[in-house]
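J.: Residues 36 to 462 (the working numbering) make up the sequence shown, in order.
Treat the hints with care, as some may be off.
As the list claims (entries may be wrong) - What follows is a list of derived Cβ distance ranges for each label pair:
(1) Met-201 with Asp-179: 47 to 57 Å
(2) Ser-392 with Glu-149: 57 to 67 Å
(3) Ala-197 with Gly-252: 40 to 50 Å
(4) Asn-291 with Pro-326: 20 to 30 Å
(5) Ala-215 with Ser-103: 55 to 65 Å
(6) Ala-215 with Glu-108: 35 to 45 Å
(7) Leu-202 with Ser-99: 41 to 51 Å
(8) Glu-208 with Val-259: 25 to 35 Å
(9) Arg-412 with Ala-215: 16 to 26 Å
(10) Ala-197 with Ser-99: 17 to 27 Å
Because the hints were derived from the structure by calculation, they are not lab data. Every residue, glycine too, gets a C-beta built ideally from N, C-alpha and C.
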Amino acid sequence: MSALLVASSGPQAAVNETAGVWQQGHAGDVIEEDQAVIEEYCVRCHSERRLRGNLSLETFDVSSPESSPEIAEAMIVKLRAGMMPPPGAARPQESDLIRLAEGLEARMDQIALERGDPGGRTFQRLNRAEYARSIESLLGLRIDPANYLPLDTKSENFDNIADVQMLSPTLLEAYLTAAAEIARLAVGDLEAGDREHTYSVSGYMSQADRVEGAPHGTRGGTSVIHNFPADGDYEFSIVFEHTTTGAGFSGQLARNEQVEVSIDGDRVALIDVDAWLSYSDSWGITMRTDPIAVSAGPHRVTAAFLKTAEGPVEDLLSPHDWSIADRHTGMSGYGLTLLPHLRDLIIAGPRRVTGVSDHTVRQRVFNCRPTTASEERPCASSIIERVASDAYRRPLKPRDVDGLMHFYEEGARQGGFEIGVRTALQA
Numbered sequence: 036m037s038a039l040l041v042a043s044s045g046p047q048a049a050v051n052e053t054a055g056v057w058q059q060g061h062a063g064d065v066i067e068e069d070q071a072v073i074e075e076y077c078v079r080c081h082s083e084r085r086l087r088g089n090l091s092l093e094t095f096d097v098s099s100p101e102s103s104p105e106i107a108e109a110m111i112v113k114l115r116a117g118m119m120p121p122p123g124a125a126r127p128q129e130s131d132l133i134r135l136a137e138g139l140e141a142r143m144d145q146i147a148l149e150r151g152d153p154g155g156r157t158f159q160r161l162n163r164a165e166y167a168r169s170i171e172s173l174l175g176l177r178i179d180p181a182n183y184l185p186l187d188t189k190s191e192n193f194d195n196i197a198d199v200q201m202l203s204p205t206l207l208e209a210y211l212t213a214a215a216e217i218a219r220l221a222v223g224d225l226e227a228g229d230r231e232h233t234y235s236v237s238g239y240m241s242q243a244d245r246v247e248g249a250p251h252g253t254r255g256g257t258s259v260i261h262n263f264p265a266d267g268d269y270e271f272s273i274v275f276e277h278t279t280t281g282a283g284f285s286g287q288l289a290r291n292e293q294v295e296v297s298i299d300g301d302r303v304a305l306i307d308v309d310a311w312l313s314y315s316d317s318w319g320i321t322m323r324t325d326p327i328a329v330s331a332g333p334h335r336v337t338a339a340f341l342k343t344a345e346g347p348v349e350d351l352l353s354p355h356d357w358s359i360a361d362r363h364t365g366m367s368g369y370g371l372t373l374l375p376h377l378r379d380l381i382i383a384g385p386r387r388v389t390g391v392s393d394h395t396v397r398q399r400v401f402n403c404r405p406t407t408a409s410e411e412r413p414c415a416s417s418i419i420e421r422v423a424s425d426a427y428r429r430p431l432k433p434r435d436v437d438g439l440m441h442f443y444e445e446g447a448r449q450g451g452f453e454i455g456v457r458t459a460l461q462a
């Protein structure tokens with residue numbers, strides 16, 4: 036931040052200094068001398084009668100060049116380049132031309148400083164990356180914007196150019212849907228429905244090493260932050276990679292593999308991998324856990340293989356970083372040590388809602404807790420004003436708070452204090 040302040044102070048200081056030159060040196064007799072230079076050496080050609088270059092300086096006033104800004108700027112350019120008066124024409128002393136150019140520059144800079152108009156700024160919506168970062172900054176909630184918003188339009192490979200980020204009715208509807216879902220995740224939802232979320236793993240990602248976020252002693256799989264909308268029972272499904280050649284999905288690989296499912300580093304399930312899974316099985320190439328009780332809020336969910344061996348592998352062919360030898364012809368390659376590969380982690384639920392526990396996001400939202408009905412509205416106003424001020428990046432005006440409190444009151448009438456706050460957050 037200090038570097039930005041230093042960088043931005045240079046041009047401003049230069050403008051102030053230039054404006055000071057005009058105020059101190061271009062008054063009275065100096066202005067008269069500059070006006071005399073124009074009338075003697077410039078108006079000869081640039082008069083109403085001769086109109087050289089389609090320009091007349093007969094009425095140009097040095098004391099107020101801002102009245103003809105385009106002419107003044109053109110004069111500055113020509114004088115600085117030494118193009119006026121032209122070769123062969125009578126010229127004043129060089130010092131007179133420099134003084135005239137500097138005087139015009141100083142006055143125009145001063146006017147620009149006093150009456151600066153940077154122009155209008157078009158409405159610029161947040162792109163997907165900016166939206167996700169803003170939600171995390173406001174609520175401490177990590178989201179995947181791809182679940183809610185379409186791809187951003189790019190210009191010259193940049194996705195933050197305002198001119199191409201149009202706000203269509205469909206996109207606006209997507210933002211409204213995202214706001215509703217995110218508000219429910221932040222506050223909690225006792226009426227959360229049974230839904231599935233799929234986290235996929237690339238077939239070309241190594242399953243031989245531990246992935247970031249997974250417990251030590253595991254390999255491969257995936258580790259994600261998942262937002263649970265309510266306390267309840269959730270089911271975790273593991274989908275494996277499968278090929279149409281070789282013996283089942285496993286090919287020639289180590290047996291007795293196990294997948295560990297953990298939440299925040301604590302094991303909640305251990306699945307013995309069936310090396311002979313097939314699409315013809317009732318569950319296909321998927322293995323499921325029993326319903327597991329999980330509290331509301333963001334949790335790190337990991338599904339990974341237990342690592343049973345370490346060290347170099349002696350293969351007939353050189354080892355590679357992929358755990359699938361060939362994504363197109365199968366996995367049963369002779370002379371290769373192959374490993375089962377987790378393709379998808381599916382989190383389904385809640386199967387049965389049991390409540391909404393307090394968690395880090397709720398604690399961040401609810402900075403106060405009303406104990407009586409009379410305390411609810413002041414507490415809600417405090418919460419809404421704080422969050423909205425951070426979102427708008429400025430202090431709120433009374434009309435801003437009144438508008439948001441209207442949404443709170445509508446929600447509170449339907450479901451009480453927390454529903455009211457959730458409705459205001461959504462707005």
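J.: Does each hint fit the structure? Answer for all of them.
T.: Going down the list of hints, with the structure as the test:
{"no.": "1", "hint": "Met-201 with Asp-179: 47 to 57 Å", "verdict": "violated (23 Å)"}
{"no.": "2", "hint": "Ser-392 with Glu-149: 57 to 67 Å", "verdict": "holds (59 Å)"}
{"no.": "3", "hint": "Ala-197 with Gly-252: 40 to 50 Å", "verdict": "holds (49 Å)"}
{"no.": "4", "hint": "Asn-291 with Pro-326: 20 to 30 Å", "verdict": "holds (26 Å)"}
{"no.": "5", "hint": "Ala-215 with Ser-103: 55 to 65 Å", "verdict": "holds (56 Å)"}
{"no.": "6", "hint": "Ala-215 with Glu-108: 35 to 45 Å", "verdict": "violated (53 Å)"}
{"no.": "7", "hint": "Leu-202 with Ser-99: 41 to 51 Å", "verdict": "holds (43 Å)"}
{"no.": "8", "hint": "Glu-208 with Val-259: 25 to 35 Å", "verdict": "holds (27 Å)"}
{"no.": "9", "hint": "Arg-412 with Ala-215: 16 to 26 Å", "verdict": "holds (23 Å)"}
{"no.": "10", "hint": "Ala-197 with Ser-99: 17 to 27 Å", "verdict": "violated (36 Å)"}
Of the numbered hints listed earlier, those contradicted by the structure are 1, 6 and 10.
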